[in-house]
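Engineer: Given next are the chains, with one letter for each unit.
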Amino acid sequence: MAPVIQKKKNPASKEDIQKDFVEAINLSFTSYKNQVKNNRKLRLIDIFGAILVVVGIFQIAFVGMIQDNYPFNAFLAGFIICVGQFVLLMCLRLQLTHPFEGISKSKAFGEFIIASLILHFTCLHFIN
Amino acid sequence: MKLLKAITVLTTAIGCASAFIIKDAKISFKDETREAIELGQLDETFMKAESAPLLIKDLDEVVSFKFKLDLSKSKSKEIPQQLSLLVGIADKALEVPIVAKVKDSSKNNKVKLVSFKVDLQALPKSVLHYAFVNDNEQITASLIVANDKKQLARKETNLYFPVFHLQFTDSAKETIVDTFEEPLRYGKQVELAHTFPNPPKTADPTLSLLFAGAVTMVNMFLYMYWINFNAISFENFPSGKDFIPFIGFFGSIIGCEIVFALYYLGTGIFETVNCLAIVAPVGLILGSKFLRSYNQKI
Amino acid sequence: MLGLRYIQLFLVLVCSILAAAKSAVGSRTLVVFDDRVDDLSTYSDFFNLLKDHEFDVTTLELSDKSTKINLFERDTRLYDHLILFPVKGKHYSKQLAAKKLIRFNENGGNILALTVPQVSSDPIHLYLNQLGIYPSPRTQSLHDLFQDSTDLLFSVDQLENENVYSKTNEKKDELFNFGESVSAALLDNREQIVPILQASKTSFTSGNKSREASWTDGSQGYVIAGFQNLKNTRSTWIGSVKFLSNNHFKQNQDLINELISWTLQEKSVIKATEVSHTHSGDDKVSYDELPYKVTDNVTYTIALTQWDGQKWVPYVSDDVQFELRQIDPYYRITMTAQGPAPQDPASELYSTGSFMLPNRHGMFTFITDYKRSGLSYIHEADIKAIRHLANDEYPRSFEIPNAWVYLASIATVIISFIAFVLFFISTPASLSEGVSTEKKTN
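Chains as they are written, first to last, in full-length UniProt numbering: chain A, 1 to 128; chain B, 1 to 298; chain C, 1 to 442.
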């Protein structure tokens, strides 16, 4: 008898997972919508981040298309500035939504600017 | 006197020019199933060697060459002083002598039974090598039968002529490992040139321009989306007492970026550091001042 | 009587004009001999020939046991050349030990040694064995039953080295007489050995005992062999002393003359006079002015000169090779002769032409290692560093089309960043304050 029960149970659980999954996605999507709806700064950050991802993908597509990574240092510089800027933006976003204890938002912003400037210098130096 | 001379000349002429008589010459092989080759009587006109070389299938072949040496017509009845078989590459003067084994014939003590054994494995590697490499360079075996002038009758001549050639079959050449290395000799060597790696290929400039344009376009989309999604406004634009620190702060950021760009375009690192030493502190001081007063609005 | 003298003088003059070759290294010659073996007067023609060659000959008779041989005085060589006739006895072995001969040879002294089968000249044999020449032991002498005369004759065809004796057509059927007792030698397989005269195919050595194994057989044996050490000093061994005697002198003169010339360094002596390498181009920038870096174009030249007996003349050949090495050769270029060198017209200039240094940095050797059997060796090596590209010698990113894409993305990111900072400040966080505070408390 046992296998039959299992058989019955299995699709049910699969459906459950699917349901849970869709639910979770919907939930996070709506919560994100709520978060962004009322905060323009987050919108600024998110759009910038998305564009950085697209620029990074473009560069990888270019390397794939010419089948050659020469000059590799230039590619790394171009790609790293996108990734680095994206990471820094996400850190800033994290601190805006959930500020760290003892670090004010303006201080976080200042740190973001200094880190970005260092990143830009590094990448310009590296691309030669 | 003259008559005596004439008679001796005549008798030698009738008899034989060479007083060493080689009879019943025979070449046999280690492999007993292989038929022995009967050469019969040999003299300097013997040219069998030219026509067909003996084919050798294996390196452990031993070729035996036997004959009866009839000394009945020569002056000395002893074994000749020099009785050897030169085996090797004649053109290259690369030959080894093989010493004869001599036995008295049981029937006639003026007839000697002479035999040579050519053991191919015992031949120098160099000889074998040249025989492998070049078909024209066969291993030649030449017979020498010679005596001192004092022990020769008038008109009697020493013998020196090639008897047979040895050649390796193609299958033998494939199976036998040739370990010979040419000895070092001074001389011209093969020319060499360094081969460089291929230069890195660059893509079509128009393609990279296209992509560069695309990247720029994507950034244009950035501003478009910012405006589209209503992310930008100037409600918070600093004014009043915040304005001047803001301008300093923002200007120093732009200043830093310009210094970086100049560095990229070829300014030396020391100059760059000097410029940054001016721009960065100003930016830091004004930036911290501005951000502190602006804290509430972020 | 007077007229005869004049004629003699005239003849001497003619001879000296014809054969007045001089050694490139010096003329002090010591001849060591033993009266018990041979009377030196039977070699007067040979000594006259030496005099014609302007050698300053000292003879030393060794049958007297008190005679001392000094080849050195306080480490200075007293003679440039040593000619050794066969000498008997133990006294001789002490005076001219093989060690002394080697030292003499290593210090630049040339040696012409003669052996005969009858006399065992141990030191000479030991010395020759060190070189890789193994003359037949005492009592074993060379025979060739196919020759008509009792004297052993050798033809020009048996001569092996063009640098010692060049066979021209007119000398084609010349025969050299070596007398009755000749020793033959086996030679080692060494590059420095210069085989000169090969024994005939039908020859063999044999001793007194009838069935003794022979030392050499056929073309294995040599009757004249030379050796040139890495310092370019030469030794020659001749397997017969009668070869030099007055009886056969006329017949052998050509070969004797050439042997003396070669051994005592009157001919086949070459040297490098000028070695240089520069950047390619008309202004010939040297390494000192501008060190080489990878993939630079470089030209290497060397000037070679040859002693013709009187003076130095250009040495012309088509097989002079240059090598660029870093452990293994990266380049081996056969150089082309360019005619007499501009700085030194007595030497021939060779050039590699322009070649590109490999794309590998490190210590490289610019080397000409010209070694040919019978000629003086030339080994000119110069070690130079080839540097890699400095950081500002690579192409800039904007020169490479591929990098334009990456450059564009960096530029746009930076510009967008500045715009972002501006907008971030100027944009108020929330549309409505209430939501914003609620978020903050979250």
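Simulated from the structure, these hints should not be mistaken for laboratory data.
One or more hints might be untrue.
Which residues of chain B face chain C? A few of them, derived with a C-beta cut under 10 Å, are [said to hold, decoys possible]:
(1) V99
(2) V190
(3) L210
(4) F290
Think of the CB as a built atom: it goes at the ideal place given N, C-alpha and C, for glycine as much as any other residue.
Engineer: Output the numbers, in ascending order, of every earlier hint that fails for this structure.
Structural biologist: none
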